[in-house]
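These protein sequence lines are chains A, B and C, in that order. Sequential numbering of the first sequence, starting at -13, is according to the working numbering. Sequential numbering of the second sequence, starting at 3, is according to the working numbering. Sequential numbering of the third sequence, starting at 25, is according to the working numbering.
No incorrect hints appear here.
Calculated pairs, DSSO-like style, for lysine-lysine (alpha carbon to alpha carbon, straight line, at most 30 Å):
no., chain 1, residue 1, chain 2, residue 2
1, B, Lys150, C, Lys93
2, A, Lys174, C, Lys209
3, A, Lys75, B, Lys150
4, B, Lys150, A, Lys66
5, A, Lys43, B, Lys150
6, A, Lys156, C, Lys209
7, A, Lys327, A, Lys156
8, B, Lys150, A, Lys44
9, A, Lys138, C, Lys93
10, C, Lys93, A, Lys277
11, A, Lys123, A, Lys318
Note that these hints are calculated values from the structure, not bench results.
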Amino acid sequence: MSTNKVKVAMAAGLLSTVIAGVSMTSGAGAATKKVNWATVTSAQAGGGMTALVKAAKKEGHVNVITIPLAGWANYGLIMKDFTKKYGIKINDANPNGSSAQEITAIQQDKGRADAPDVVDVGTTYATGNLALWAPYKVANWSQIPASAKDAKGRWFDDYGGYVAIGCDTKIVTTCPTSFKDLSNPIYKNEVAINNDPTSASAAFYAVWAASIANGGSFSNVQPGIDFFANLNKIGNFVPGGTAATAAAGTTPILIWWDYLQNGVATSVPGWKSVIPTDGTIAAYYTQAITKDSPDPAAARLWEEFLYSSLGQNLFLQGYARPIELAAMTSNKTVNPGFLAKLPAAPKGALTLPTIAQVTTATSTVDANWAAAISGS
Amino acid sequence: MASLELGQAIEREEFMGRYARGNPSAAKFKRIHWGRGTALVLAAMYFIVPFYAAMQFSLANINGGFSLEPLSEIGQSPGFFPALWLSAQLAIVTMVIVMLLMVPTMIYVHLRMPRFRRVMEVITILPIIIPPIVLIVGVDGVTPGWLKSSQWLLALVYVVLAMPYVYRSLDAGLGALDLTTLVEASRRRGRSDRAGRQRFFACSCPTFVAHSFRPRC
Amino acid sequence: MSDLLTTDTGTSPTGVSGGVSPRRTSAGALFRKIRTGAPVVPFIVYVTLGLLLPTLEIINYAFRSDSGKPTLANIRTILSSGHVVNGVRNGGQYLAGFENSLKLALVTSIVPGILGTFVAYAIATSKHGLFTRLTAACSGVLSQFGGVNLAFMFVAAFGALSGVATHWLANIGLNPWDHGFNLYKFWGVAFVYMYFQIPLMILIITPAFAGLKESWREAAENLGASSWRYWRHVGLPVLAPAVLGSMFLLFGSGFSAYATAEALTAGSIAITPIQIGAILQGNVLANQANIGYALGFAMIVILLFSVIGYALLRKRTSRWLR
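Kindly produce the complete structure, drawing on both the sequences and the hints.
Structure, rendered in structure tokens:
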């Protein structure tokens, strides 16, 4: 019937309009293809820095975790600058938390909008949880030394420092400059490390540095344990050391990261620190982007910011050694004013222990520290 | 109840008085007093000296003198007042939840299910023995996501941690109250059950209040 | 609230033989049991969600490997006594941790138990109402003390370098540090633990003195018994279950205390809670979380014994309180 035919024709017309419309939209979409930033492995692959910034701004916020708001490698200013530059809000969960808590948070907050996007952890926490990370290589990838990053881009070191001996010149007349000096009886009840070496990274590396000063090496941390056991026996060692105890005067000699010693210097007038002459070791913290990150583009932009010369110089301003320091010094992108303020680094190239060596040393300290200090 | 205790107290006074008059055992009582006194003084010193030391440490200025400056600096410490306010809020919310949960339950148990008291006691002992540091991880694992981002999760966990002390206090208070007699008495005096309940609460509230403020701060 | 006059034990007689009325069938009895128990449900639910489920979660993690597969390896690790390789010890620190924790818990339950009993007795037999109320209130507050505050107070008082009390004692020639005292070793930690263990003991044991009636003492005196004989035959037998039971509780409290020892010794003595803290909240021991949970599980098992001991002794104590 004719009405039927009209109906069919109208339906066909409607259908074709719809199909045309759909193909037009998708055609328009094909010109700016939808990028799944969660799988992007570099800014280039995602369409360039502008595309990354745009996508990140659209997400609007990035979730970081356990980043202290003040007194740690200038992170406070870094976060402020990032937000000012891109308008992206930073949500910092558990600012004074630990690396272990970061891993737990990732595992337990899976799928939530406030799950961590990026982490800043001790290196063994990153290398031991490779399945959690999304591979990504920042624009300045080549400036990161090979030993400080994962070949696939799952983790990469960001900043670090050397173990240094800090000293309150108001209480201590002659400051020690080496581990050997620490055994001097005039330092009775004065020497401390940053709390527990099985729990605090700075304390662990202090023991390792002491080991290197006493015949140990990257493969042998036991001499360091023996050194502190002896220090405790002769009465020089005090358990527990933080910025607070240094300020209170209960730990006038505190072995800590060199970049954190400067924080102590601001609250304790007359606080000086030196990198020990006989045992030096440096350690760097590690960045990674989580695989199920709720804000993948913003997470990647945050990493680009940290590894740009701007971000790396901000770390330098906080007296930490940025991982790209060597490359930046030769490119002359380093801020000379900040560089001059750093304590003199030991001569020679920066060598870091391998992950296997760190793991072995960790087990040794874990098994022997408490027994050595309690004298049993 | 009260009259019984009063009677006992009067008896005791007379008894002691008789004994103190020229009785050789009176000297014994004096000696016990002496030992007790010393014990209490030593105990007091053990508890007070660290307090005093902490106070002196905080209030001593660099030159060794006494200064109230650190106290005023507390106020300027960033985030101090918000943290203090949050602590206070959490304490109040914890107290309210604990009272709402424990008081009706314990009244009911004392009245109608005395055998359940033993079970409750064992259950409420558990938070003391399960180390909080371990409990936290377990709580993290079972908490739904929407609750995890709220600060009130802390209050809910504090309720569990406070349970042992609240239970003991309320148990002692209810035990001293002789609930059954009280309810019976107030019921006898009131015409309706409602009036009885009102009288009951009027008698027992002071005891509850006294016992409830003791534990968690 | 209709049957408040009956001293109902909460269960209804079931299975009455012969001539059973319809109300006393087992279904009816079950329904009555449920109705009687209904008001306790909120408490049960809260405790299940807040205590039981988390505990089960911990036990679950304790028996899983990193990849999530069920395993006994964690338990084996924490119970192993380790071995020595090239003069360097490997493993065995968890067993040492259990040993130290048990020793510390034992010492800080027996000594404060005895001292607390004496102090509680002094308070209970005092005639000054204000003194009694004051100490009761203080015990409540001080038993909650612990952690960084307590450690700071004791370092401020008895620290080697700047301790206030150390200076006073040094001025009279009795500097404790010169005579072998060390606040940061085992006995120093025990010394600090007493600060909250003694008030906890006072708090727990005070109700038990209500069971020791004054009239018994007077009767004993009347019959010519000396103080010693009174205590030997009347006082101690009545009090003993309560004191022992409370010591079990103190044991549990001393065993699981974490923040105080951590703040005081920063890991210088190996005790289990500190080891758990280093694994679950630290920055050095990566990828050992399940060992941390296994340690937690082990602690719960050990503490379960102290709870059972407490419950059994409580049963005997309550005999005197009726």
